[in-house]
Amino acid sequence: MDINLNNIPTFDINMDLALKYRKTSNNDYRNFIEFFHATFIPYIQSIIKAHPEYNRDDLEKHLKLDITELSEKVFSSANVYRFYLETHARKFLLDNPDKLEEVLQDVKSDRFNSFDKVDHSEYANTFRGLCMTYVLELLPTYEDDLRDYINELPEGYYTQIVNMQRAGTPQNKIWDEILKKYKNEYNYTFLTLKDFSTRARTIIFGFPEYLKADKEELEKYFRNRINTSILDLNAQFDKLGFTKRGQEIRRNNLNRLGLSELAQKLDDNMFSNEKLYGAISTLSIGDLIAYNTFLVNRFSKEADSLQEALFVTYQYELLDKFLDPEVQKFLKFKETLNMHTETDLSERYEIDRSSEYPTKDDLFRMLKLLYPKKAYSALVGRIARLPEARKDKTKVSIPGLIHELKKQYPTREDFEKAITAMEDFYPSQPEVDLALDKIAFMHTPTKLFLEDIQNQIYEASSDEDFETELSKEEEEETFGNISDNDEIIRYSYRPYQKYMFNSYGDQYEEYFSKQFRNIPKYEFEPEDKLPKSDLKEDSKKFLRFYTPIYYSYSFKNDFIDSLIALIASDNTISNAGIIPSNISEDGTYAEFNRITGIGLDPALTSPVQVHTSKRSITDFLKEFTGTSFFPIYEGMDDFNGISAQAVYPFSKNVTKYLKTILKSPELSPEAQRYVSRLYSLSTRKVPEHLRSTTYSLSGKAKKKTVFNRRYVDLDTGRLYHFEKNQFVPIEPTPISTIKKPDEITESNKTSNSKKGDGYEL
Amino acid sequence: MSFNKKELIENFKNKNYSFCIEMLSDKIIDNLVSEIKKQNPNFEYVNITNLKNNCLKYLSDSKKIIAIQLYDYMYNDDYSEAFVLDNLLSMYETLYSENIYA
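Residue numbers (the numbering used here), protein chains in the order written: chain A, 1 to 761; chain B, 1 to 102.
It should be emphasised that the hints constitute simulated quantities derived from the structure, not laboratory data. Some hints here could point you the wrong way.
Interface residues of chain A toward chain B, partial, derived using beta-carbon atoms under 10 Å [said to hold, decoys possible]:
id	residue
1	Pro-9
2	Phe-11
3	Met-15
4	Lys-20
5	Lys-108
6	Arg-111
7	Asp-116
8	Glu-261
9	Asn-557
10	Glu-591
11	Phe-592
12	Gly-597
13	His-611
14	Lys-622
All C-beta atoms in this analysis are idealised placements derived from N, C-alpha and C, irrespective of residue type, glycine included.
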């Protein structure tokens, strides 16, 4: 397998790009540190706890297997959308007989009479291409089955059908007569009524009937498939600590709104995988798609951090240090400390941890706080300063807490050892920055390599034509314990390593050695004590960690297309659509950012939002519906600042609780809106504040029942209502009568969220 | 391959980066489409994924890279507007110089 992309950017250009990306990226040192301590270390700890016998190599092997498994699960979960789009291809062809006819003509023509010709033609990766591939796939089985069906019908039936067809009898009439005849003549032991019906209807109605049956089969398959995907990803989220991290973020956000009890209820709403299976079985296809989308999309964000943490771990050879007894002692202590102090304090006293400690990582914070000389007084003083502690002494006994701490408290010597160990294993900011520079440097070539691999797989006419070039070592070390999945094709990382080394080998090593030398800590260290910059090894590791992220992104077009298909054709999610960055003052035009949001309100504990370009939405929409009209997602501001985290279906308890606090006068208007929206998700009803008031003829206000959706023509930005089966431009609101945002309660509000203001996945 | 430079500069000055990005993306897409058409006259733009795949099939390495990056910028929200705009300008420059000297 040769890398085709020989002409990729030089070292200098690529490094320039990497540094530019790092400079403007949100993924800075602080995000990394936060993830490293709050999520990554607990994940490593959970492995060590489950396998106390592990040495460094065992731990490394375990991590490799975890990442490979993760890649597989993400690949399968992202690939699920292809099946959903295929169900739409079937529906589209059934609903549009003229399009079906066009496709049938196309696939029978010399230009497109095989999958390869379609897949490698100008229709590759288009909805039209999907329809063509599907028809090509179905036609041979249809022809075979048709022959069997004719033979399997009782004697005389087929002749009668043909005679009636020749006589020009309408299809429905033929079916009525044939069915009547069968019911009169047979006792159904020869062919059950269902089997007879399948055969006779296919013969009478032809290919569309066959297509319909196939669509129903695929819909059943898809439902099972997406259920599995959700359960698999949920299990991965739990294992890697993403769920716990999500809960913490949500808790902080809800505490800010004064909704700590709700945060607790939502934490209690967690489902084990067994229970989740039952809970998702009641969800609609739309809800399931939204759920899977949340998980895949959330994953791609968390996986970036996981990749960085893993890379830094290897860069600074931290695996040994994680296993060091001193570090272990320290980490266990920290865990206990967290369990008994930080968590308790945060929950009981509603401490907003993020604002209390804006930048420093909790580890050193804890050390500082508990350093022997000042430990007790510092802690007691801190607790005493909290107003809630004085208000409600029944919730926690401070002396009890101190007593608890005392039991866990290590000696001064323990602390000194632990600090030394931690400082040693804990990379400082310039070190982390350099590792992140390396990661950014490898982004572009890795993407090119993976794209190239995908293209080669795609171009190969069969799996066998694609040479994986896996070495025995690779097969054993990485894939030994992973179950077979026939959707997945494995390939070797060696060509990538070779290509990276040949392109940048010396420059990479020279550049980073020099950079490390600039860090005071390494200034006088001998060469072999500098962190390694072996491009072959670094690139291999990066590729392994990056692969699951690549899969989550490379299928993004499929999941965006699926969401558009869902929103354009399924009414089960009443509030779903695009999120404008701004709406003109007179309410007639919408504007959009470079990357805009698609929002959905499923029956889950949070709405789901994904980001993509307006163009990607418009392109698919035009192919799928023939227009560029798309609904607006309403009420975005209700979730301002509350991100989608640890999402699950609603339990009865949460719904009940939401109902009880819905009208609570103690809630701030912001909290009230949030609760109202969340309650509406659980009941699948659009909340009152998003509905418009309808008026009786006498002019008196009637109850608010109408959710008057707005649509935007994405080509022009013009806003419309959909009335009497057509899009009607929204009349400009006279500027003088436009209400201030606070006054808008009776009608649809102008969504005015900028990206980054609202909840993000 | 030319466009209203004045409009671009005007919007750039007003920090309307989204507009500039859209404008440059459109131009880059137009250029890639016309390059593919030279190899496959039946080709019409449908979506960015399809465009990327056809670039990988028909075009030179530098244009393949442009197509892959363009796809990335259409779907990935990790990049800042400034970063995307900066790179789109480089991509436009590459395509422009290749066209001049081709």
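Under the constraints set out in the numbered hints, which ones does this structure not fulfil?
The structure conflicts with hints 2, 3, 5, 7, 8, although it agrees with all the remaining ones.
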